[in-house]
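Please arrange chain B on chain A, whose structure you already have, making use of the hints.
Same order as they appear, the protein sequences are chains A and B. Residue numbering for the first sequence follows my numbering, starting at 15 and increasing by one per position. Residue numbering for the second sequence follows my numbering, starting at 15 and increasing by one per position.
Derived by calculation from the structure, the hints in this document are not laboratory data. Take these hints with a grain of salt, some might be off.
Copies of the same chain look alike in the list, so a pair counts if it fits in one copy or across any two.
The list that follows gives simulated cross-link-like pairs (lysine-lysine, BS3-like), each with its CA atoms no further than 25 Å apart [unchecked claim]:
| # | residue 1 | residue 2 |
| --- | --- | --- |
| 1 | 176 | 138 |
| 2 | 337 | 138 |
| 3 | 200 | 293 |
| 4 | 199 | 125 |
| 5 | 200 | 80 |
| 6 | 190 | 200 |
| 7 | 91 | 199 |
| 8 | 273 | 91 |
There are 2 protein chains.
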Amino acid sequence: MDALSSKVGGSTLYLDRVRKIRRLMDEENIDIVMVTSEPNMLYFSGYSAISLERLITLLISRDEDKVSLIVPRLEEKRAEENCKLRDFELISYSDSENPIDILENIFSSKKQVRVGVEETIQFKYVYPLMSRLENINYSLVDGLLYSLRIVKDNEEAEILKKAAEINNRVLLEAIKSIREGITEKKLMMYIRNYALEIGADEVPFALVQSGANSALPHQEPTDRVILKGDTVVLDIGVRYQGYYSDLTRTVVCGSPSSKQIDIFNIVLNAQQNALNTVKEDVKAEDVDLAARRTIESSGYGEYFIHRTGHGIGLEVHEPPFIKTGNTGLLKSGMVFTIEPGIYLPGEFGVRIEDNIIVTREGYVNLAKLPKSMHIEDYEL
Amino acid sequence: MDALSSKVGGSTLYLDRVRKIRRLMDEENIDIVMVTSEPNMLYFSGYSAISLERLITLLISRDEDKVSLIVPRLEEKRAEENCKLRDFELISYSDSENPIDILENIFSSKKQVRVGVEETIQFKYVYPLMSRLENINYSLVDGLLYSLRIVKDNEEAEILKKAAEINNRVLLEAIKSIREGITEKKLMMYIRNYALEIGADEVPFALVQSGANSALPHQEPTDRVILKGDTVVLDIGVRYQGYYSDLTRTVVCGSPSSKQIDIFNIVLNAQQNALNTVKEDVKAEDVDLAARRTIESSGYGEYFIHRTGHGIGLEVHEPPFIKTGNTGLLKSGMVFTIEPGIYLPGEFGVRIEDNIIVTREGYVNLAKLPKSMHIEDYEL
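With the rest of the complex left out, here is chain A:
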């Protein structure tokens, strides 16, 4: 009997995912996949683990129908309670033990072992065994893992919708709370609280960029006071049951100048053109191109300094990346952002960002707020 076959509670979801990755491991001739990132731990086990300085890893073997979870002693109880796989082997180690020895023990029991690791694994968990073991061969399996995760199943789509529902409400409340005299930081703090109060589990970012700060896409909120006439970019991320939403609106405090109106409209058109391109079997880069061409033909091409979008799920940024050079085809169930922007250094910037789920004929938009420089009277 398959050691993982007991179908209790929600565990078949995770069991199915493990089975799918085993099939891919067969094709790629990978013996053990060493899951180390939080999103992949969540995806395969439901257990949210963050490796700070201590190794936490889920080892999925191809042959043995065995999944082993290695955790520091401190995490043992949480691992036991939260890992939703059945019949997994839990191995814990104390602060005076070296988890590399546990890995060495497992890997050295085989003649030749191809270990699939994630790109983000810290070098310290790979480097020691490279010299200690002769029979080991590392390869990167991110592509393999993402090939499962890139298309969301129904359970995931439902959670993503709920995450976006929360984020729509947060973003609207943020826009309603803009007033002359409030600082970016103050507004950010209010947004964070509000998001947690209405059900977000985490608020990975709540960017409030006003005036010239809005021209710096990654700028964290500062003590700058918002003034009449300022462009304000609000880019908010929330996490709900492991999944992210990432939405942006750009508004103006008071009356916009004709230049603000012009730039806003170019970005709005670019975003609409990108949205209109989306459906199953379209190339990802064609969505980028649709936005980019609109902005380029308006003469602002050099001020659109990032890609048009990124996938979103258990990570804020994940495949598919909506950028030039990505000739991969969109598939139903893929979820990503569409967020063109124009950034005029020293002046202001505009970005508009939705999250969409690809369908056969087009997309479902998870963003529910209108797109204009004044939406503070809107009600969800």
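Quick look at chain B alone, frame taken from chain A:
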């Protein structure tokens, strides 16, 4: 003329640190150090950079008196403004370029190159060049970098004191805000806000663990309602100008039971014995041993499930680690936590944590709050 020798503003601090690491690189025969972690970026350049999916690295060459900073285009402006080194070379790349090509270009210009990387560097930034280049040899330089960072200079000690000052106030306010009926999460949110309001730049954690949750040292705040008789562990981290403070107090909501009093006193004594051990040239493990022996001799040894402390600075956890097996000697200027605890599963836990700076004769304690189960009437 040394390309880095212009002494403008606060830049000599960073220049000195680069010079020191070059001296160590000479000894260890390392040609290039590839700085990738945020704390080390801050330490050597004053520029706080977080590599999400894009590489950000500071390359310190041994021979060329050259420091190169490689950043994604999106970060170019922030890098320019925030890097406090003078005459550094800024190299940026767009989303359609691969930063590995830039590294390949730099490394392949040498005959043989020993590249020092950090343990935490993602495998994806190391793996590709292992196969592309024959002349490259990686080694881990964390020990080298920490050997500089482990002893804080005066500038750092001052910032650490300020971080602790903020944290003392936050922790006291948190304790004053405990009342029957409040949930752990609600209290956590209040603490986070309060910390940001009084000057913390970040609040990496604000653990509120009540009742049986206090027996789980890593448990995040839940919706559990705090009740009369509950043990409440408050473990708060704040960041200020890059540096961390990490303080814990354990209190009781209402009247403690005799068991709560007993356990509290054992931990209190263990912590005092550990503190009394600290001074220059004592072994780190002797501080751990002092706490551990106290708890063991009370019969609770198996419930003290972690080390006694950890260094604190640009990271929340960094060397020196105060644990069995660390025979390294304490030196003046080292800063670390002392935080023994006892955790009774299903019942409650107690932890008391200070942050101290080692001196020749003893230590300076950065924690200013008394240690008892009731300190809500205390004023700082």
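Each hint, compared with the structure:
no.: 1; hint: 176 with 138; in the structure: neither (37 Å within a copy, 33 Å between copies)
no.: 2; hint: 337 with 138; in the structure: between (32 Å within a copy, 20 Å between copies)
no.: 3; hint: 200 with 293; in the structure: neither (40 Å within a copy, 43 Å between copies)
no.: 4; hint: 199 with 125; in the structure: neither (57 Å within a copy, 50 Å between copies)
no.: 5; hint: 200 with 80; in the structure: neither (50 Å within a copy, 41 Å between copies)
no.: 6; hint: 190 with 200; in the structure: both (14 Å within a copy, 24 Å between copies)
no.: 7; hint: 91 with 199; in the structure: between (38 Å within a copy, 21 Å between copies)
no.: 8; hint: 273 with 91; in the structure: between (58 Å within a copy, 23 Å between copies)
Of the hints listed earlier, those the structure fails to meet are numbers 1, 3, 4, 5, in rising order.
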